[in-house]
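Protein sequences appear in the order of chains A and B. Each residue of the first sequence is one higher than the one before, starting from 12 at the first, in the working numbering. Each residue of the second sequence is one higher than the one before, starting from 198 at the first, in the working numbering.
Honestly, the hints are just simulated from the structure, not real lab data. Treat the hints loosely; a few may be bogus.
Unchecked claim - Straight-line Cα separation of at most 27 angstroms, DSSO-like style, residue types lysine-lysine; simulated pairs: (1) A:Lys-174 with A:Lys-109; (2) B:Lys-350 with B:Lys-253; (3) A:Lys-75 with B:Lys-394; (4) B:Lys-395 with A:Lys-109; (5) B:Lys-395 with A:Lys-101; (6) B:Lys-208 with B:Lys-395; (7) A:Lys-75 with B:Lys-395; (8) A:Lys-75 with A:Lys-212; (9) B:Lys-406 with A:Lys-101; (10) A:Lys-27 with A:Lys-109; (11) A:Lys-109 with B:Lys-394; (12) B:Lys-394 with A:Lys-27; (13) B:Lys-406 with B:Lys-252; (14) B:Lys-395 with B:Lys-253; (15) B:Lys-252 with B:Lys-208; (16) A:Lys-56 with B:Lys-395; (17) B:Lys-208 with A:Lys-27; (18) A:Lys-75 with A:Lys-109; (19) A:Lys-212 with A:Lys-174; (20) B:Lys-394 with A:Lys-56; (21) A:Lys-27 with B:Lys-202; (22) B:Lys-230 with B:Lys-249.
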Amino acid sequence: MGILDTDSFMHGASGKIGGIVLYTVDGKTYFRQHVPQHADARTEKQLLQRQRLITAQTLFQSVKNCLLYDVFSLAAVQQHRRSGYHLFLKLNTNACGKDYTIDYSLLTFSQGQLQLPFNFRLSGSNDRQAEFTWSNCQEQTTARGSDRLQVAAIFPDEPFRVKILPGIDAVRKDGYATVPLEKRPGGEVHLYCFFARSDLKSFSDNRYFCINR
Amino acid sequence: MGIFKSPLFSKLRKSVGNITMYELDGVQVVRAKTWKNDRQSPAQLTQRARMKAVKKLTHSLADAIHTGFPANNHSVSINRFVSQNIGLMNPDENGQTVYDISLLQLSSGELLPPAVTVVFDREKRNLIFTQERQPLHPLSPDNDRVYGIVWAKEEEESQVFPLRQRCEPGTTPVQLPTDYQNCSLEVFAFTVSANGKKTSRTIWLGSIKPTQ
């Protein structure tokens with residue numbers, strides 16, 4: 012695969028010339044050899060990689076319908092990625108394994124420039140709620156007192172669906188939060204906590220917690 | 198059968214002597230002419246009866262097969278249907294072929310089958326498909342479309358009804374065509390991915406006799 016210079020007379024071209032295919036992605040024009048027939052070797056490694064990719068894509072299906080989509084779209088712009096979808100796959104494909112398994116502790120649902128508070132801990136939990144505490148750090152541009160806590164959760168009955176929990180009013184200056192949990196079948200609940208600026212234009216990285224109900 | 202690539206003979210087709218050349222799915226194929234083989238061994242007669250029975254089904258289930266075995270070419274869909282179902286056909290000594298209709302496959306693929314049931318509403322004379330919500334899974338995406346297939350076996354006709362998406366629980370009433378009102382119906386269901394390329398296996402929902 013080659014890349015055409017921007018001052019080339021063929022920059023921006025797309026199509027096929029003989030055995031050479033030209034296409035443009037994100038303003039760059041590429042050329043490569045045309046492959047007339049796709050050879051699907053179906054090796055063990057290939058099949059594993061396909062399973063991992065499908066698992067990550069399934070997780071992204073639920074991300075598309077909530078605040079996390081904005082988180083990834085914004086992070087993609089900041090990191091010069093092609094889209095939030097591509098950034099999501101880059102961050103989370105490695106957490107997916109054989110036979111559609113997931114290591115939930117490796118998943119990332121938020122990235123950004125806001126700061127996570129010090130001593131961010133899960134202080135207690137029961138069937139109905141989880142309690143978090145953190146140190147109230149000094150006000151600064153990357154950590155305002157009005158930054159709101161957001162919690163993304165994966166419940167055991169829907170292990171491929173991530174959801175932003177509603178009804179959380181805690182902000183950074185509170186230093187603690189009580190997060191109501193939905194009534195679902197017992198098992199491990201995976202929580203990903205992060206902070207969002209009040210205008211939802213800036214986010215922090217997430218911190219992972221696991222509760223066994 | 199041989200496959201060749203030649204700039205000079207890229208559009209060559211038809212026969213020269215015993216050699217036949219043609220283009221198949223974008224590749225150039227050469228093969229020898231076949232001789233008529235009409236052996237009457239019991240195994241061959243059984244295989245012919247099987248093939249005859251399964252090919253007969255393809256006429257009445259054409260739309261369902263095209264939906265359940267997606268391919269660019271309809272003959273590829275038919276071939277996949279035949280390969281899936283020819284093993285079900287059991288010809289007896291009288292030449293009659295019997296098969297278990299609940300095992301008939303109008304689709305095949307890695308997707309999970311739908312969670313759907315069907316009942317016949319005798320007052321309104323329609324079928325009611327009831328779908329349950331299925332959890333999100335790599336093999337059961339939310340946006341898969343569930344299809345119900347109603348096959349009037351005696352009339353040798355069938356209809357494909359698109360139902361709800363996999364993530365939408367609820368009921369879908371389906372008005373039966375008037376010529377289906379007096380015949381026995383077999384009802385099947387399967388799912389097709391949003392891009393129409395992946396399918397699940399078929400589940401048989403039951404036999405319905407509107408006259409009873």
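| field | Hints not upheld, ascending by number | value | 6, 9, 10, 15
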